[in-house]
Structures are given as C-alpha cells and as structure tokens.
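Colleague: Here are the chains, one letter per residue:
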Amino acid sequence: MSDEQDVITDIETPIYLKYNFTAGLAPSRFLTQLKNGKLTGQRRAEPDAPVYVPPRGSCPASGMPTDEEVEVSDKATVQSFTIVHIPIPNNPIQPPFVVANLVADGANISFIHLMSECVNEEVRIGQRVQAVWKPEEEWDYAMDNIRYFKPIDEPDVAVDMIGKLPVTGLEE
Amino acid sequence: MREICVVAYSQSDCKSNAGMANEVELIMPQLQAVYKQVGITSAQDVDFVCSGSCDYLQGAAFAFVAGVDALGAVPPIKESHVEMDAAWALYESVLKIRMGQADSALIYGFAKSSPGELPIVLSQQLDPYYLATQWVDTISLAAMQARLMLEQGLITEGDMAAVVADSRRKALQNPQAQLSGETSTEALLNEPHYVSPLRRSDCCPVSDGAAAMIICTVDKAKEWGVPYARITGIDHRIETHNLGMRDLTDSVSTRQAAARAGVADGPVDVAEVYAPFSHQQIILQRALDLGDDTDINPSGGVLAGNLMMASGVSRIGEVFRRIVAGEAGRGVAHATSGPCLQHNMVTVLEGA
Amino acid sequence: MSELAAVVGIGQTHYKTKRGDVSIAGLVREAAQNALDDAGLTFDDIDAVVIGKAPDMFEGVIMPEIYLTDALGANGKPMLRVHTAGSVGGSTAIVAASHVQSGTFKRVLTVTFEKQSESNAMWALSTPQPFSVHLNAGAGGYFAPIIREYIRRSGAPADVGIKVAVKDRLHGARNPLAHLQLPDITAKEVEESMMLWDPLRFLEACPSSDGACAMVIASEDLAEKGPKPPAWIRGAAMRSEPTMFAGRDEVSPQAGRDCAADVYAQAGITDPRKELDCAEIYVPFSWYEPMWLENLGFAPEGEGWKLTMEGATSLDEGGDIPWNCSGGVLSSNPIGASGMIRFAEAARQVRGDAGDHQVPGAKLAMGHAYGGGAQFFSMWVVGAEKP
Amino acid sequence: MSQPDLLKQPFELGFTYTRSTGPVVGRFLTGLRNREIIGNRASDGRVIVPPMEYDPVTADALDEFVPVSDEGVIVSWAWVSEPREAHPMEKPFAWAMIRLKGADVPMIHCVAAPEESAVSTGARVKARWVDEPRGYITDIACFELMGDAS
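Residue numbers (this note's numbering), protein chains in the order written: chain E, 1 to 172; chain U, 173 to 524; chain X, 525 to 911; chain A, 912 to 1061.
Just so you know, these hints were derived from the structure itself, not from any lab. Where a beta carbon is used, it is the ideal one built from N, C-alpha and C, also for glycine. One should not assume that every hint holds.
Under 7 Å between C-beta atoms, here's a sample of chain X residues computed to sit facing chain A [said to hold, decoys possible]: (1) Ser547; (2) Ala549; (3) Gly550; (4) Gly564; (5) Gly584; (6) Asp594; (7) Gly597; (8) Asn599; (9) Ser643; (10) Phe655; (11) Leu659; (12) Gly662; (13) Asp683; (14) Phe726; (15) Gly835.
Generate coordinates for the entire structure from the input sequences, incorporating the hints supplied.
Modeller: Below, the structure written as structure tokens:
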C-alpha cells in the first residue's frame, strides 16, 4: 500500500458528447427571416393573440402552436435590465455591459439583448432603443445579426404600456 | 383505495429523426389528441400534470421546462417532473390521485434521442468512476447479458430472432411503428452479428417522439363518459447497480414488482413489455410468468420503435387501447430503466 | 382523504465549497444515514426511496438514481427521481410524502443532493445550444432585471438587499452546517463587495456548495414511535407556470401566490405572518426576501421590504416572523438539495431541534422552494401538533 | 407560414469533471497506480472488484479490502466489430465480464483480441497496464488473452 499522502482523492473525468442539433420549426422560421434582416414574431392564429419574439413553438399561455407570423419593429422598449460586471464565458464583450429585457414594438414579450452606445448609469425602464444591425453580408441565422440596441431620441414609455405598443411604436 | 383508470393515450410516430420539431412541437399534438379523447380542452381541465424526460438525450439542461410551454399553464397548474421514463410520472400521478389531491392527471414523456449517439450517451448512466469512464455502451452490456443466456442454454439465437420476426410482423398493424415487415427467423439469422452475439435486428432502433396519457378516478371517467381500463396493480423495484452481482439472465425486480402488482391474480390476455433487446423480452416473459395464452407486444414493442422516456408509458397505453377496444379483458404493462433491466415497473390493467 | 404523514428523521451534510472527502454516493449516503440515525431506524425499515437533484449536467451522471441504488439501500425497493429545477428539493419532499399520504408505504427515505464542485454550475446552466442567445451570465443575470423592476415598483431603498445579506449570514453563523460562516459580516462589507449583476453584489448572491439533505417520512401509526417528536405535514402544494408568456408578472408570479394560497388553506392558515412561527424561504439572491414576503402574503404588495428593514424576519433582532434561521440559500446552496433543506429546517424548528438557530417555542413553520425562471414552486407547512 | 431553412449544427456538450473519490474508490484507484487490483468483501463474504462503497443487499458500508490478481477468466463478453469513437480501442475488441483470481464478482473491462473467434467464455486473461498508471480504471489498458484457454 502507498503512503497516506499518496492516496488518490480526486480524478478528472472528461465527458464530451457530440450532438447534431436541429432547430425546431418555429425557431427556424424566425431565424430564417432574421437572416433576411426581418424581425418576425409569431402568434397562434387568433385575433389579438399575443406576439412572441423570439417564438419557441407554442404560445405558452395557451399551449397552442404559433402558426401566424407577424413582422415587428426593430425599435423596442426597455422592460428591465442589468449591468453585468463579470465576463460571459466564451464571449469577447468586456464588462461592465448592459443586458436588457427588450420588447420590440408589435411584440408582447421581451427578449434579452445587449445595449450599447449608452451611458450605463442612465439606462432605465421604459427607455426607447433601436437595433444596430451588422453589415448585411454578415447576416446569419442568429439574433446577433443585431449587434446591440442603442437609445433613441423618443419619449419613455409608461410602465403599464411596456409590451403593448403596436408595430408602429409611439407614432400611433 | 380509490379506483384509478386510464382514459386516454396517444403516441407520435416513432421517427428515426424528428428533424425540424423541437420538444414543444413534439408534445403539443399528443396533448391535443388525449384532450380530444376525453373531451377537454387543455391541461387546465385535469388536476395534476407530470412528465418524464432526460436532458442528456438532446444535450440541453432543463428540457422539461420547454415542455411546460405546451401545457397552457396560465393560470398556473399543479405540475411535476421525473428525470425518468414517463411511466414513473404515471406512478407519481397515481399516488397523487390515491391521496385525494387529484381526481385526474395528464402524463407525458418525450425524447429527441437522434441528435446524440444514444448508446454512448447512456454509458454515462453507469457508475461514474469505474464504468462511465470506460464508455461502456448499453448495447455491449446487453450483448454480454444475451451471451450469458445463450451459453447457459436458456435461449438460442433462433429464439431471439423469433422475437424480432414477431415484433416486425405485429408492427405492421401499428401505424406509429418505425420498423415493421414480414421476415423470417431464418432470414434474420442470416444477418451478420453487430455487437456479437447481438444482431442489429436484436436491438431497438433510436426514435424521436412523444406520448401522452390521461388517468383519473373511475368516478371521473364515468363523469366524462369515456371508456376506461382500470389500473388494478402497479409497482416498481430497482436492483443493484453492480451488473456483476445481478443474475442477468433473470429480472428479479420485475418478479418483485409483478408479485406486488398482482400479475398472477388473473389471466393475462395481453402484455406489453419494454424490452429494448430481443433476449430481454424472453427474460421479461419468464419473470412475468407469461404463457401461450398471452398476446405479447401486439404493438410490436420497442423493437419496432423506442421513444426513450416515453416507451414505458406507451406500453401502458398500448394495453389500455386493447382493453377498451374489447380485444383483452386483463393486461400487463412493463417499463424499464437503466442498463440490462435494472429498474422495472409492472402495471396491471383490467376492463371496466 | 389523504393519510397523515410526518417527518421523523432529518439528516444533512456539512455544506462546503467542495466535499473532497466523499464520492457522490458517499455524500448522499451521509445525509441518508444521518436521517436514519435521527429517526432511530435502519435501511431495512425503509419501504421506498425518493431522490431529487437539479440537472444531471452538474455532476455529469445521467439519471443518477441508477448508480445510487446501493448507497441508499434501495435494492429491491421502489426508487423515484424527481427533477423540477431549483424547486426540486421541495417537490422531492412532497413526492416522498405522497408515497405515505396515499397509504401506499409506511416509511419513505428521501434524499436530495448536489455536488457542485464536480463541475461549474454556471457552465451547466448555460450549455451552448446552437442558434440561441448566450448573454445570460448565470442565474443572477436572469434575476437581476426582475429585482430592478421590483425596486422600481415598490420604491424600496437601495440597502434592503444588503440588510438581507447580512441577516441571513448572521443566521448562518448560528448553524454549524452552513457553508458560509460569517459571524462578523457588516453592511459595509456587503456594500463594498463586487457588483456582479447590478443591483446584485457578490455578497448578495448565494454560494455554490456541495451537500445533501435527507428526511424520513412516516405514516401516522409509526410517526410517534421515534426518539424525537415528529413534524406533522399540515399542507403541501406545488404550482408551475411557463417561463415566459405575455403579461406574466415576473416579480410576483401567480404560481407562487396560488401555491401559497393552497398550502395555507390546507394548513388552516389565514394570516401567515401571524400564525406561522418562522419560515424557511428560498432566497438565493438577497432581494428575493422582500419579493417573496409579498408574493407569499406575509406583507401587502409593495411593503415586503419594510418587514425586512424593521427586523421582522431577523432572529437576532427578535423579529416576529424570522425567515431563514438556518442561514438560508444565501449561506448554503447545493442547488438540488437547497429546497429540501428549507423543508427540513422548517421541520427541525417545529421539532424543537434546531440548535442555536431555534425559534423558541416554534409550533408551525413553512418550507418553500422555487426554480426555473421563478416559475416552479413547492411549499409545505409542518407543525408540532397533529392535525 | 414562411418556409424555413433547415437549420442543423453539430455541437459538443462537454466538461472535465473533477470527481472526489471518497476512501473506497480512492483506495482502488491508488492500487491501480501501483499496478495492484484491490477488491473488498461484501457482507456475505464475496469479494467484489472494483470495490463497492455499500453492500447491495445489506446496505452496509464495506471496508474490508482484499488484494486480487490481475489475471482472471471471462464470464461473458460482447464483440465490438465497429468500435465507437468514445471506445477505448480503435480496432475491434471485446467488452467482457472478468472474474479475477481472488474475486467472486466479475468486473467489466475491455479485452484485446485479434478476432472474435479468439475470445471465449472461460478464457484466461491478464491485465495489460499502461506505461504510466495514474490512478484511473483505464490504467488497465485492456485485458489480454493468456493463450491457454481452459
């Protein structure tokens, strides 16, 4: 037997598994449109049904498929946000940076995205922002076709109206 | 104890690759189908929901959270999840109904196994120091089990091929089956070995899909006015994880569960057993003491299509279907989990 | 209609950054053995085993009940594995209780665990699926915007979170099992700790722990046969809602409110602050104390923070409704076990067995857990008196 | 409904876990590093290799260690004609349940063999150690046939 201090107490166990991922139907429709520079939500085919961006396959409130597509604006409202002070693993962006829950005009649910070209300390709930797109030749099936959102010169949205703006935004 | 019954069951086609359908998209049609069978519109109309799934099949944590998006859980519902086959979600639901906290329950299981290399993924179910680190795949473990039986004279390769031929033939009647057809024992035996002594045909295929079921009290079934099959016995037992300490030619835990579920208390007209490998069907047949009077795996069983995390509950569903169709009066369904039939559940169903 | 059931044994491990002295099996076994010892029982006395944990990716062992059969003496018994995200510790206890309350079994062993040192929890929570956005720098990144919205809505002062962070660590210093032992922690120290996800600072977030928690739940006829008084289960409830849907109140989720209403109704509680003696509530980020005070009906909407600031939830300040006397999730967080620790600590209180963090004379206590995007809830109320 | 493109992408789900072994597994792995195989005694007296922490029947903690031989016989086996990428060997090989001399309970490991017909139940095998054992089950690179099957 070995000496006590030689007894093994820890081992490293690499577990690496390979998968072939296929995106679902609803996300694929969304991402295919996004590759063409269009932000589209989906909703179940009923009038006034909520619009989901990004769609995940169902309207979670009803459990029904989101068969209908609705183009939404690339202008959005800050529903809430956090200023992140730690780096994201495998992401070049340096802290501190703002990750915001944004609701696009015409959509009824928020997605998270980066905010930039802003003073972090001045970001606020209800603030108006707009997408800053990558050059068209870089567009892919990805939400980061939008590099980030930046503040725009529009009045803040009242809190009870966040998530309820039409696709035309404040210019109703 | 309250009488509980199965009133609805639906299973998707078993597909080798569900392609462009994510988990929610796989689940929704099955839920709609079972709602329709009992005349309800959503999960709001049952008292409890429980699901079964496994994150590692498709390689993403919290797979079941996406499943909740299929339920229409607004307002919120009573809901739970097992990281197991949905047969165990059914077991949890049975307890909820027995204790009076629910009169009805929706159960579903789903899997998209095709994105990964399933026999290797499942190697990580093994003990994490001695076996998982060797990446012993599940097919090889089953092959060692089959060889033990062959060399002890408990079965022949012909017996195994006969199980496969029977499965393929019966699956012709099952529109959800992935593999079906007329074949012969001889033709199967002419195929080369895959992981010897197993041939490819001895192993279940990898399938994508989902299944759903509704169970309830007999009183509720009568209120809904739908045909039902009573669950008159249900039990599950697990065995040691050390394969070297089990008698792999038998399934002790299946025998234990069968005794407690009361399999022997009446004739068994039909049985659906979850045997991912042909020789395991013979082990289970013997452990359940099923004779020639029992129609075994009329659906073709999982050799015709194996929805991981849903196949167990599907066995119960297939027995239910035959009872309410009047094809059988009493039946037995079996579900399994773990390598070489480590963990087994036995359910006895009887007609109204 | 359901049979009565009670907690008759509780076992925990020490919570630490890394339990380098045990295997995964050794960790769960330690809690299970402690629970059996506490109940004066052996593995032979157990009819069924119910195990819970958060995602398998935390340890990279798929469906670990398969491997843990032997460590938990489950050979020849039923064994069930529950997974309902962060609420799993609570829902596992509830599922275990249903084994007894349904009249199916007499004594059930239930164990939850996480050995987070085997991996990096943040890695496991944000595994890189293709075609999805990866901006979620951990659970704190997800919850921080919701906290910000709470602060806006309630007008709470900025130091409420700091107060909770200090209070729970002072509680934890009374509990020898707690991971963080910070008896001298100050508000200044919390305030000066690194901002992670504004408004959440490092010391306002839970640690990452190894640990396991176990309980033995017994039927009415066996409950009073043990060496210690039982903790009777007076009510138990679970609720779920989707992660995101249009119009969802993320700050005070309906599922939490409904779950609380259900468990109070079962326990005959109409005013939780008045009728409960203490509560163990899942607070992984400081601000969730005032948020849950409101969500669970301990305070009117918008006023939860006032209870916190008044010291109502502090054992050291002699509060009338101490929350998280054990130190809570802010002091120990083996994720899969964290919910069960809440349930077990509530039971310890009503058994009068909570040591230095005992609330004197506690007779009725609540355990609470939540998970996912604050969408899965499990709660129970336990009492010293048989219902 | 718009026509989506088929979006497929391979990805790797991976992490190197750091496992603490506890005393029983640690003892076994320490033995391997010294090219020794250590089992332990179950409550019924059987010797188990690799050692189990808890007895499957009685649930007792097991702590009586027993050294066993690195030679044994094949109890059952499976021939892998098409090794998978994760498998320990690139050439066809056998997985086997091997009862080591001095042990009662077979262990699972791989067996190197030139072809399937060379392997048989009852065949004697001996561990082939890697050049530098580090305390892993894979310190036994494989078992090799001893050539005098009995």
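Colleague: Return the status of the interface hint for Phe726 (chain X): holds when the least beta-carbon distance to chain A is below 7 Å, violated otherwise.
Modeller: 23 Å, violated
Colleague: Please check whether Asp683 (chain X) passes as an interface residue: C-beta within 7 Å of a C-beta belonging to chain A.
Modeller: Where the cut-off is 7 Å and the nearest Cβ of chain A is about 38 Å from Asp683 (chain X), the hint is violated.
Colleague: Hey, does the Gly662 (chain X) contact hint survive, CB to chain A under 7 Å?
Modeller: 16 Å, violated
Colleague: Taking the closest Cβ pair, is Asp594 (chain X) under 7 Å from chain A?
Modeller: 5 Å, holds
Colleague: Do the numbers back the hint for Gly564 (chain X), that is, is its least Cβ distance to chain A under 7 Å?
Modeller: Result: violated, 16 Å to nearest chain A Cβ.
Colleague: Quick one, is the Gly584 (chain X) hint okay against chain A at 7 Å, beta carbons?
Modeller: It holds, given that the least Cβ distance between Gly584 (chain X) and chain A is near 5 Å, below 7 Å.
Colleague: Hey, does the Ser547 (chain X) contact hint survive, CB to chain A under 7 Å?
Modeller: Holds - the Cβ of Ser547 (chain X) comes within 7 Å of chain A, reaching about 4 Å at its closest.
Colleague: Once the shortest beta carbon distance from Ala549 (chain X) to chain A is found, is it less than 7 Å?
Modeller: With Cβ-Cβ at 5 Å, under 7 Å, it holds.
Colleague: So, Gly550 (chain X) near chain A? Judge it on the closest CB pair being under 7 Å.
Modeller: Holds, because the Cβ-Cβ distance from Gly550 (chain X) to chain A comes to roughly 4 Å (cut-off 7 Å).
Colleague: Given a cut of 7 Å on the nearest C-beta pair, is the interface hint for Gly835 (chain X) held or broken against chain A?
Modeller: Violated, because the Cβ-Cβ distance from Gly835 (chain X) to chain A comes to roughly 40 Å (cut-off 7 Å).
Colleague: Once the shortest beta carbon distance from Ser643 (chain X) to chain A is found, is it less than 7 Å?
Modeller: With Cβ-Cβ at 5 Å, under 7 Å, it holds.
Colleague: Can you verify the interface hint for Leu659 (chain X): is its Cβ closer than 7 Å to any Cβ in chain A?
Modeller: Constraint on Leu659 (chain X) not satisfied, violated at 18 Å.
Violated hints for the displayed structure, listed by number in ascending order: 4, 11, 12, 13, 14 and 15.
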